[in-house]
Every structure is written in structure tokens, then in C-alpha cells.
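Required output: the full structure, derived from the provided sequences and hints.
Residue numbers (the working numbering): 47 to 677.
By construction, these hints were calculated from the structure, which means they are not laboratory data. There may be inaccurate statements among the hints.
[Said to hold, decoys possible] The calculated lysine-lysine pairs, modelled on BS3-like cross-linking and capped at a C-alpha distance of 30 Å, are:
id, residue 1, residue 2
1, K373, K108
2, K153, K141
3, K108, K130
4, K431, K408
5, K153, K373
[Claimed, not checked] Computed Cβ-Cβ distance ranges for the label pairs, DEER-style:
id, residue 1, residue 2, range
6, G457, S435, 24 to 34 Å
7, P125, E379, 16 to 26 Å
8, E403, I473, 14 to 24 Å
9, V428, P566, 25 to 35 Å
10, N382, K344, 29 to 39 Å
11, D438, S53, 50 to 60 Å
All residues carry an ideal CB built from backbone N, CA and C; glycine is no exception.
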Amino acid sequence: MENIIISDEAYKCDDGVPILLLAGPGTGKTYQLAKRIQYLTAEKSATADEITVITFTTEAAKGMRQKLEERGGNEYIDPAQRPKSILTMHALGHKILSEHFDLVGLKEDFVVVEDNKIRKPLMRDAAILLKYTEKDGDQALKDRTYATLKPSEESRKIVKKYEEILRVCNSIDHDDQISLACKILRDNEHLRQKYSKNSKYLLIDEYQDINQGQFELIDLLSRDHREGLFVVGDDDQSIYSFRGGSPTFIRNFRKHFGENSIIIQMQTSRRCPTNVLECASCIVAQFDSARVPKGNYKYPKNNLGKVVLHDCPSDDREAEIIATIIKSTLEEEIGNDSEPKKHFILVPNKNYVSKIEDILKKWRIAFNSNFEDKGKGLSNFVLIKGWISNNDSNFLTRQCIELMIESGAVGIPSSRSRTEENIKNRIKGLTEIVSLWDVVISSKETLFSALKEKSKFSDVLKNILDKFEELSIVYERDNVPDFLSKVANYTKPWSSLSKFFQEIYHLSKSQIQTTPAGAPNVRVLTMQSSKGLQATHIYIIGLEEDIIPRKDSIGDVLSEEARLLFVGMTRAQEELHLFKSRKRTSSSTYRPIPHDLKVSRFLNYLPTDKYEKQFHPVQSKIKKVKMELIK
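Here is the structure:
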């Protein structure tokens, strides 16, 4: 991509052509978007009805509104001029559907199905109804989620049947909010023009995360006013391929919207220290050859930052070193009025968490973790109660049946079955269950009434019906022990007594309200979930071959893993600690012990003058920090 303009005041650009703003980490993309809105209302006399702002998350939309409403702030806009539409892409699609539901065969009270706990079984049902396999159903769901341009014939047929099931239930799913909105605009030119008029100035955040369906919606909305299109993104931070997101939309911006489109790079990083961003940039530049070339960043704060590569003998020692650094920082803050440091420990997945959590607990370091097993057994009781109150709901009925299947309560092998006989019996049982949808579709009966009707001819369905009736009877008797016992027997909410107590513990702990001042400043999370966040200290573990990057990663997969590491590294505001362990336990790697691990190829491209190495021997020489009990 050539002819990139370098400017930190992109919001003022007014050449009457589409604009792509390349905003790397810490360059102030939110500020640019807010100032663009302010510029349009003040300098271009844009009205509140002519501006549409699309954010990636609901929280981001809320934050943008707050910026515009903050009286005295740099981005403040008078209430009468503030855009009425600041929302996510899916919220915009839902808005279009809500206003024109009848055009796609929906009723006004249509329901959005977002939980994969029901989407996956429904897609599987659609596949089996058409004599395809469960794997075919999984692939169809993947194609739908990714908005795959050219899905297989099997996927298209399965998705069509899946949509038929949804529509007979007056429902859509998360992805329908985009695809059906596009269909309405494609098929009704007067409506496309109406919404295009309301998007004369279309501003889009996190453009690197859009998928094909979202791109089509952007294209339809901006078709009449390309000159009002202003998108912000960074292809180096595109990490959502599992949702269909792709950096190709940034890289093909001129191809999509014209060669005269303007591309501007924000060059000044106000958040990232020099060494952190330079190290991260070297890695992503080496492993993502298709990236948009970036000019050199500027660092006005003259903050070099600290990057340390720790070579550890084991994951036990790794955890100890992390705890040592955190504990030392916390002790320095005692009696200090400055804002407490924040620490993010970023892990490849949940298998790498236990050692970290154990040492933090041992050292009395308060922390939050996205990986604490809070359990989900109690939700089974809520689901069954919901069905008893509303057995006309096809989805509640289907979810309850799924619980019974997976628990083994109705004699159908679970999805974890591997033997040929069990798989055969599973398909046989599922075929009888999915046949209920034929009744629902043809006669508009509920799934439960279809179950009652067809149970006369099927032992499998009769078994399921008996379970439902038993649950209803014990509930109506107001017999708590019997109800709890029945639900536990038919849905197996906990694999052991310890799992039950663990869930109760987490439930009781969640009832304790923690004030912001008392909230832990240490968090354990993945690199993906850290996107959009920042902390003074970042610790990244698992920087070994076949872990980061994962085994056999090549091509686009390897490029995305490099971008994911880039995102994790650039969360650091002061210090970045990278951890390579020479040995790890089998609980995390699933490999025989002992197993020598090789350093991640990503680390071979760190600029030697931007980081320091620390080799940690087998025997700990770290002076133990005295632990102080936290009351």
C-alpha cells in the first residue's frame, strides 16, 4: 500500500474521499474519532441525523458517548448536535430489522439467539435432518460465523434448514442481525437510501475486525456518500479470525473504495514505551509479510520502558519470578499516594493458569482470573424451571433435551463418544429427536407437543417425555429435595461433590461487593481478552515453540499468532516481561516429562538493543520476599 500520509490530526482531513486512519497502539484512535465528530458538526454543519458511528463493543459505544457529553472536555459536543446513532454493527443491524421485520418473514416480537449452547445443537439438528453428519453441522456453523464467501454445498443446505428452524420459532441468531439487515437494504432501494442518508458521515472503529457480512453492510450504507466514510484500524491488531475478522479489509481499502482514497498513519504513540512497541513491531513485521508498511513511530514522553526476556528452568520457577516482581512492586506502593500499578499475566490458555494462581494465593496476592472454574451446574436448575414455566418455548425444550442427552439420562451416547457402536447409537437417537422439527415446521406445533405426539411410537422419545413429566410433577408438589434430586439425576450438573462446593463457593464470593479502591490490580487473562486494555506491567508466558506459536502454525495462522503477540506486548505502559521456560509440566503441554522446550521463533527477532535477558538457574537465588497476611 503506497502513498500513506503521516499525520496526527487526521480528523481534520477533508478531501471529499474515503479515509482510512491507521492507528497503532497508543496513538489515540478514540480521540481521533471523537474529534472527527466534533469537526463534522462544527466545520461541516453535519446534523445529528447524518452521522453514524460504529464501534466494536457496546462498552466502546458507551465510552464514546461519555466523551461527547463531558462538559469542558476536548471532545464535548452540544446535545442537539450529538449523533443519535453511536452503536455496534450488530446493534445497527438489529435496529434495521426491528423497523422492517416483516420484510424478512419475522414477527414484531422476534427473538435473537446468541448462545452457542442452543445454536450448535440447532445446526447439528439441521445437518442430521438432511442426512449429513454432526461434523458437517459444526462446519456449517463455522462457515456462518466466519461469513465464509464460498461455503460448500452441504453447508449452504444445512444453514438454510437451520434458518428454517429459527424462523418457525420467530427467531434469528447473532449473525442474522447483519445478514438480514443487508438483505433488507439490498432488496429495498428506498430503504437503503434512507439509512444511507442517516449515514452520510459513516465513522467506523476497529475496522481490522470486520468480516465479510459486516463489510457488505458498510458498503450498502456508504454507497451514496463515499466521501463521508472514515474508518479507523490497525491491521497489526487483527486477531479475530475465529469470528471471520480479517486484516484484508484494511489492506484492500483502496481496492474497495477507490484509488483516490486517503490513507493516514498516526505516528505518535503516547501510551506505549519505545522499547515495547519497537520489539512488538519487529516481530509482527517479520511474520506478517502482507501487513501495511508503517513509518517509524514517535514517542513524545521519552519513555523507553523496560523489556525483559526471562529464561526459566521450569514453570514453577516462572510463577515464582512473576510473583516476586509483583510482590516487590506492591510493597513499594505502601504509603505511596501514587496510583497503584496494574499487572496483567497473559497466558496461552487455561492449562497454563494453575501454577500462576497457586503462587499468587500462596503469597497472599489478590488477583482476578478469567479462568476460575465458577461452574455452571446451577444453571441447569434455572433452565428446567424456565421450561416448566414456559414449555411452549421450543428452545428451552431443546436445551433441556440436550442436557439429558449429554448426561446419559436418556440412553443416547454423549458427543464425547468415540467407539463405533456408541456413535451409531447416538446418530440413531438423535435422528428420532430431530424428526420433531419436521412436525414443528409442517404444522407449527411446539416442540414439546410434537414430543408428546411422537413419543407413542418411539422408546427414545417416550423416555425423554417421562423425564419431563416427572420434573413437572415434583415441581408442582413443591418438593424441594425431590426436585433437586431429579434435576441432578437427569442433567448431571456436577461431576463430583467438590465441583458442587466449588460452584457454591464462587457464587457466595460473587455476592461480596468490592469497591473500586479494593479491587485487585493483578489479573490473569489471555492475550485476546487483553485487547483494548492496558497495564503498567505485562507478563507473557508460554513463549516456546509449539505453544506460542502453536504447533504446525504456517501461513495466515502464523501471521495472526504474531499479531496476537503484538497485541499482548503493546498492552504494557511501563514494563514488559516475556517468559520462556525450559521445561513445563504435562498438565499444560500434554507431553511426557521431562521435555525440553525450544525458544519461540518469535523471540529471535527482538531487536538486541531494546531488551535485556535474564537467565534463571535451576536453584532459586531469588531472595524470598516476606509475605504479609492480607486481612
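Now the hints, each set against the structure:
no.	hint	result
1	K373 with K108	35 Å, violated
2	K153 with K141	14 Å, holds
3	K108 with K130	12 Å, holds
4	K431 with K408	40 Å, violated
5	K153 with K373	58 Å, violated
6	G457 with S435: 24 to 34 Å	27 Å, holds
7	P125 with E379: 16 to 26 Å	41 Å, violated
8	E403 with I473: 14 to 24 Å	40 Å, violated
9	V428 with P566: 25 to 35 Å	29 Å, holds
10	N382 with K344: 29 to 39 Å	31 Å, holds
11	D438 with S53: 50 to 60 Å	59 Å, holds
The structure fails to meet hints 1, 4, 5, 7, 8 from the earlier list, while all remaining hints are met.
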